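Going down the list, the sequences are from chains L and P. My numbering applies: residue 79 is where the first sequence begins, and numbers increase by one. My numbering applies: residue 79 is where the second sequence begins, and numbers increase by one.
You may find that some hints are simply not true.
Since copy identity is lost for identical chains, a pair holds within one copy or between any two.
Claimed, not checked - Heads up, simulated DSBU-like pairs for lysine-lysine below, C-alpha to C-alpha not over 35 Å straight-line:
hint, residue 1, residue 2
1, Lys-440, Lys-371
2, Lys-291, Lys-359
3, Lys-433, Lys-396
4, Lys-371, Lys-433
5, Lys-359, Lys-167
6, Lys-396, Lys-371
7, Lys-291, Lys-252
8, Lys-396, Lys-440
9, Lys-83, Lys-433
10, Lys-252, Lys-433
11, Lys-264, Lys-459
12, Lys-167, Lys-356
13, Lys-291, Lys-264
14, Lys-371, Lys-291
15, Lys-362, Lys-433
16, Lys-440, Lys-252
17, Lys-85, Lys-357
Treat the hints as calculated values from the structure; they're not laboratory data. From a predicted model like this one, the values you see are computed outputs, not experimental measurements.
Protein chains: 2
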Amino acid sequence: MTASKSKVVDIHTHMYPPEYISILTSRQNIPLVRNFGDNSKDPRLILLEAEVPSLQLALQVPSAPIPGRPLTSHYASLGQKIHFMDTHKIDISVLSLANPWLDFLTPEEASGPLPATINNDFERMCQLHPGRLYFFATLPLTALSTQVILDSITSSKGLKHCRGVIMGTSGLGKGLDDPNLVPVFKALAEAELPVFLHPHNGLPNSVYGPQQKDYGHVLPLALGFPMETTIAVVRMYLAGVFDAVPGLRMILAHSGGTLPFLAGRIESCVLHDGALLKKFKEEKRRSVWDVLKEQVYLDAVVYSEVGLKAAIAASGEKGEERLMFGTDHPFFPPLETDEQGEWESVGLNAQAVRKALGEGSKEADMAMGGNAFRVLKLFEK
Amino acid sequence: MTASKSKVVDIHTHMYPPEYISILTSRQNIPLVRNFGDNSKDPRLILLEAEVPSLQLALQVPSAPIPGRPLTSHYASLGQKIHFMDTHKIDISVLSLANPWLDFLTPEEASGPLPATINNDFERMCQLHPGRLYFFATLPLTALSTQVILDSITSSKGLKHCRGVIMGTSGLGKGLDDPNLVPVFKALAEAELPVFLHPHNGLPNSVYGPQQKDYGHVLPLALGFPMETTIAVVRMYLAGVFDAVPGLRMILAHSGGTLPFLAGRIESCVLHDGALLKKFKEEKRRSVWDVLKEQVYLDAVVYSEVGLKAAIAASGEKGEERLMFGTDHPFFPPLETDEQGEWESVGLNAQAVRKALGEGSKEADMAMGGNAFRVLKLFEK
Chain L
79 MTASKSKVVD IHTHMYPPEY ISILTSRQNI PLVRNFGDNS KDPRLILLEA
129 EVPSLQLALQ VPSAPIPGRP LTSHYASLGQ KIHFMDTHKI DISVLSLANP
179 WLDFLTPEEA SGPLPATINN DFERMCQLHP GRLYFFATLP LTALSTQVIL
229 DSITSSKGLK HCRGVIMGTS GLGKGLDDPN LVPVFKALAE AELPVFLHPH
279 NGLPNSVYGP QQKDYGHVLP LALGFPMETT IAVVRMYLAG VFDAVPGLRM
329 ILAHSGGTLP FLAGRIESCV LHDGALLKKF KEEKRRSVWD VLKEQVYLDA
379 VVYSEVGLKA AIAASGEKGE ERLMFGTDHP FFPPLETDEQ GEWESVGLNA
429 QAVRKALGEG SKEADMAMGG NAFRVLKLFE K
Chain P
79 MTASKSKVVD IHTHMYPPEY ISILTSRQNI PLVRNFGDNS KDPRLILLEA
129 EVPSLQLALQ VPSAPIPGRP LTSHYASLGQ KIHFMDTHKI DISVLSLANP
179 WLDFLTPEEA SGPLPATINN DFERMCQLHP GRLYFFATLP LTALSTQVIL
229 DSITSSKGLK HCRGVIMGTS GLGKGLDDPN LVPVFKALAE AELPVFLHPH
279 NGLPNSVYGP QQKDYGHVLP LALGFPMETT IAVVRMYLAG VFDAVPGLRM
329 ILAHSGGTLP FLAGRIESCV LHDGALLKKF KEEKRRSVWD VLKEQVYLDA
379 VVYSEVGLKA AIAASGEKGE ERLMFGTDHP FFPPLETDEQ GEWESVGLNA
429 QAVRKALGEG SKEADMAMGG NAFRVLKLFE K
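Using the sequences and the hints given, assemble the complete structure.
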């Protein structure tokens, strides 16, 4: 069926705003930005712990391979973001800071003015393009006290274009199933700010074996990232966070990691664990399927019709109303075509939506923007 | 559509035959079988490295919780297996040794007569129930030389009821992408023995966080197991094993772990990695989708319609011809009903097949047994 067309919305699109780049440039440890002189015309962005050895080598041996990735204008330029949106006919973007967010700040730094600076930088960018840009704020999760985080939620809520928060899987340092994080989730639920959950740490390199160097970043990015997200959200589920904070809404990156595919096995494992099953019954816990359809939204960044159909089916009878298109810009630029033109990575995900939901259908239209517009209230208040 | 009914075949069903139990009972280190005296009427089966601390505690403190799981007759009794098959209307079972197989043997033990003893034990059991039992053999992967493994493949092929081999993800100790394992895969392809790939190690416990003790075995079993399988098979894919050994056939446990859901992301990550893409083009490597439909079969042990549909769709246009029902017996016994009756875990997977492919359809019939019968040639030769 066809219907009046919704705006196209990209809910998974990152930036490192100028203030954030300054922080990274001043750092000696990963994450950092560094210029390797004549070896490279762009400064390099080095984010992952796995890049420590190559960074150390490059600092000692000028001829060694340059670590990280080029910090192109795609990471920090608002003009570039708007150009990318126009090229791909994206009407609205919900910007978020990319990983590792502010998770590396010392407690003192996180408790100072810096986090607000970043969020204000996003608000400023949104105001330059009314109706086209909104953002997910970043919380100072390593702060000296929970109160600092709660205050940051209040401040973020006060910013006109803030529509949620982005969060990694570390929480206060012990993961998202940490009981000390429940007050933060409660405050987010109260403020009606959904959490966009995004991976950063992946899995320990040991699981990728001695030949991993031959495979580039494929194993950590294609497998480690979605597996990290899945583990984080299942830990939340098993700890009872969703039942303790029924108002909490989570948007899971990469269509939930692997949660849609594994939900049945998770449910079966709970049903076959005596102690856990007893606790679930006593506390009247809901099934993972109920949580998926009542508190979880999935983005559409899964690069296949197969994955997208599973994501929709896992989200309940009206699963197509819970899916939100995203691009993951500025990551995964095209290798063989002009970066200023259309990106293959965007095309793969848009094509998956068309194939899974039907070209020109109302459902595809909702996934491409209607759902995000409705759920995140993407209009000027 | 309806059709003449195929036999119901269970391709994912384990046993620890008597010879194997003797080995485990004689061991001091995990894996082992141990009786904790008055504390427990059954001896306990302790398999996982994660159980080391609880084993050590139980050996020192008599009142400590008993580690592992009861070694019930379901693990070692052929009569119990036949009863289970009859109860669930399973016509044929393709038995396999359960993890950790023979992966813990010293090189000397693996190179001696012991591995053949285990395979002969399976052959003996199959001969007791003609037409109802076949098996996947176990290879002495830790042997002193590759030749010992190759000889074992020849011997296994000579056993009348052997229809493939079961394998974990360790290979010769460095994973399944180890170049030294290619001759083994070539010999298996030559012998037309498919590899049933099954997890054992899971992921390092560090990923489950400080509260993991509250979640029983759910995280390692529901997430670690399928993630381990996925990582292993993707490492094989990236190393080019499938292209190097086009005759190799793999049957992936738990519907491929998470491979059907992540295949699109894997493909996209390869397309966006310059060095890897160049190598793939030079070597004319196939896509992960091609490998899935040409060299991979998936079992149906995924406990949900959502997962099963994704498994079928990921296996190509005729994906329903590549799916094979399994039970994972004797694991996941029912907690609240008689173990001699119907098992909920079996019902969940059979129901998923009916829902995904249509009650009474030809496709459901093939998934429940027709495919396994055809692919594994489950008839007396």
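**Request:** Could you figure out if Lys-252 and Lys-433 sit no more than 35 Å apart (CA to CA) within one copy, between two copies, both or neither?
**Result:** neither (40 Å within a copy, 40 Å between copies)
**Item:** Intra/inter-copy verdict for Lys-440 and Lys-371 if alpha-carbon distance must be at most 35 Å
**Value:** Both ways: Lys-440 and Lys-371 sit 20 Å apart in one copy and 32 Å across, limit 35 Å.
**Asked** Is the C-alpha distance from Lys-362 to Lys-433 at most 35 Å within one copy, between copies, in both cases, or in neither?
**Response** between (39 Å within a copy, 27 Å between copies)
**Prompt:** Quick one: Lys-264 to Lys-459, C-alpha cut-off 35 Å, is that within a copy, between copies, both, or neither?
**Reply:** Answer is within; shortest intra-copy Cα gap is 24 Å, inter-copy 65 Å.
**Message:** As a check of your reading, is Lys-359 near Lys-167 (CA-CA no more than 35 Å) within one copy, between copies, both or neither?
**Reply:** For Lys-359 and Lys-167, only the inter-copy Cα distance (31 Å) is at most 35 Å; the intra-copy one is 49 Å.
**Request:** At 35 Å max between alpha carbons, let me know whether Lys-371 reaches Lys-433 within a copy, between copies, both or neither.
**Result:** both (22 Å within a copy, 19 Å between copies)
**Request:** At 35 Å max between alpha carbons, let me know whether Lys-85 reaches Lys-357 within a copy, between copies, both or neither.
**Result:** Answer is neither; intra-copy 45 Å and inter-copy 40 Å both fail.
**Asked** How do Lys-291 and Lys-264 come out at 35 Å by Cα distance, when the copy is not named: within, between, both, or neither?
**Response** For Lys-291 and Lys-264, the Cα distance is within 35 Å only across copies (25 Å; inside one copy 42 Å).
**Prompt:** For Lys-291 vs Lys-359, is the C-alpha pair at or below 35 Å within one copy, between two copies, both, or neither?
**Reply:** between (47 Å within a copy, 19 Å between copies)
**Message:** At most 35 Å between alpha carbons: which applies to Lys-396 and Lys-371, within, between, both or neither?
**Reply:** So Lys-396 and Lys-371 pass the 35 Å test inside a copy (8 Å) and across (30 Å) alike.
**Status of Lys-396 relative to Lys-433 across identical chains (alpha carbons, at most 35 Å)** = both (18 Å within a copy, 18 Å between copies)
**Identical-chain pair category, Lys-167 with Lys-356, by Cα at 35 Å** = The answer is between: 31 Å across copies meets 35 Å, while 51 Å in one copy does not.
Going down the numbered hints, you'll see the structure goes against 10, 16, 17, while the others check out.
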